[in-house]
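Using the sequences provided together with the hints, build the complete structure.
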Amino acid sequence: MSGTPINARFFMRAQGDVRRITGELGNLQAQIASGAKANTLQGFGSASSRILSASSMRSNTDARASVLTQLDSRFGIQSAALGQISDATQSLALTIREAISANDGRGIGTELELAFNSIVTALNETWNGQPMFAGERLDGSPVKITTLDELATTVQPEDLFNEGERHQIIDLGDGSPIKLASKASELSTDLFNTLRQIKYILDGAGGTLGSPMTGSYTDVLTNVAADLDFHAKSFVNEEGRTGQLQKRFDENRTRLEAQSDLLTKEIGDQTDADLAEVSIRLNTLLAQYEASAKTFAELSQLSLLKYI
Numbered sequence: 001m002s003g004t005p006i007n008a009r010f011f012m013r014a015q016g017d018v019r020r021i022t023g024e025l026g027n028l029q030a031q032i033a034s035g036a037k038a039n040t041l042q043g044f045g046s047a048s049s050r051i052l053s054a055s056s057m058r059s060n061t062d063a064r065a066s067v068l069t070q071l072d073s074r075f076g077i078q079s080a081a082l083g084q085i086s087d088a089t090q091s092l093a094l095t096i097r098e099a100i101s102a103n104d105g106r107g108i109g110t111e112l113e114l115a116f117n118s119i120v121t122a123l124n125e126t127w128n129g130q131p132m133f134a135g136e137r138l139d140g141s142p143v144k145i146t147t148l149d150e151l152a153t154t155v156q157p158e159d160l161f162n163e164g165e166r167h168q169i170i171d172l173g174d175g176s177p178i179k180l181a182s183k184a185s186e187l188s189t190d191l192f193n194t195l196r197q198i199k200y201i202l203d204g205a206g207g208t209l210g211s212p213m214t215g216s217y218t219d220v221l222t223n224v225a226a227d228l229d230f231h232a233k234s235f236v237n238e239e240g241r242t243g244q245l246q247k248r249f250d251e252n253r254t255r256l257e258a259q260s261d262l263l264t265k266e267i268g269d270q271t272d273a274d275l276a277e278v279s280i281r282l283n284t285l286l287a288q289y290e291a292s293a294k295t296f297a298e299l300s301q302l303s304l305l306k307y308i
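Residue 201 in UniProt numbering sits at position 201 of the sequence shown, and the numbers go up by one each step.
Think of the hints as simulated: they come from the structure by calculation, not from any bench. There is no bait here: all hints are sound.
Per label pair, the in silico range of CB-to-CB distance:
(1) 176 to 205: 47 to 55 Å
(2) 177 to 243: 17 to 25 Å
(3) 139 to 205: 34 to 42 Å
(4) 216 to 139: 40 to 48 Å
(5) 101 to 129: 41 to 49 Å
(6) 233 to 126: 19 to 27 Å
(7) 136 to 205: 41 to 49 Å
(8) 57 to 149: 55 to 63 Å
(9) 172 to 114: 35 to 43 Å
(10) 66 to 106: 50 to 58 Å
(11) 101 to 233: 20 to 28 Å
(12) 257 to 129: 25 to 33 Å
Cβ coordinates follow ideal geometry from the N, Cα and C atoms, glycine included.
Spelled out as structure tokens, the structure:
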């Protein structure tokens, strides 16, 4: 063999080519296996800062969307509770009007008891273990009393309600806090006053109104039924407000999910490997590898020791 330094250089070059191509093949095979261009953030080079920023924004966006998804179930329960109060109040008003029409008040006491229990249960409704109408207070029932007898003797708000001073609110990120629900005292103080009035009427009549009823009872109960209609309407309005919030939050959730999808695409454009391109490069490198390996093998057959 002649040109010893040249042969040595060929040998070293072939050996280097084999190592280089082997490393590139390993990288391409890793991309095919993982679907990503690199397995560490550092491996993305100058794009790493953009990937990190987009990933942080996506995490924040997904977290906000998750909260809104959970609140959707809360508003469903909240609407049902408000509807329950409205229905109980309207049912009591209807019973009173039927009693007036039939001149028979014997069923009013039973309906009052049913309405009271339904109203208290609804006002003390919880979501994820937290009362919905207690303001910022996260435990305990907002309505303390459990019987009509207690209602008759409880007049002061602090003895009737157990609430936080402020409303429970949420900030969707636009700097405008949103009240999730009114407090039980705001919703039901006037309604409880009317129920207490009916209780006083029944107690004054010995516990029940008979048949026929006197004219004085008829006049008072006519006004009471009108008051109950007014209270029922206020709960319908509150239920409508809850529905509007639910719709607004659902629209925001949809917007956030779309934003998350865009960020996911942006991150993917930076991190996902183009498998078609990788396959082409892989085939090219395999051909180069075979050629370099063949050259290296041929040169390895030569004894370089005699040229040292």
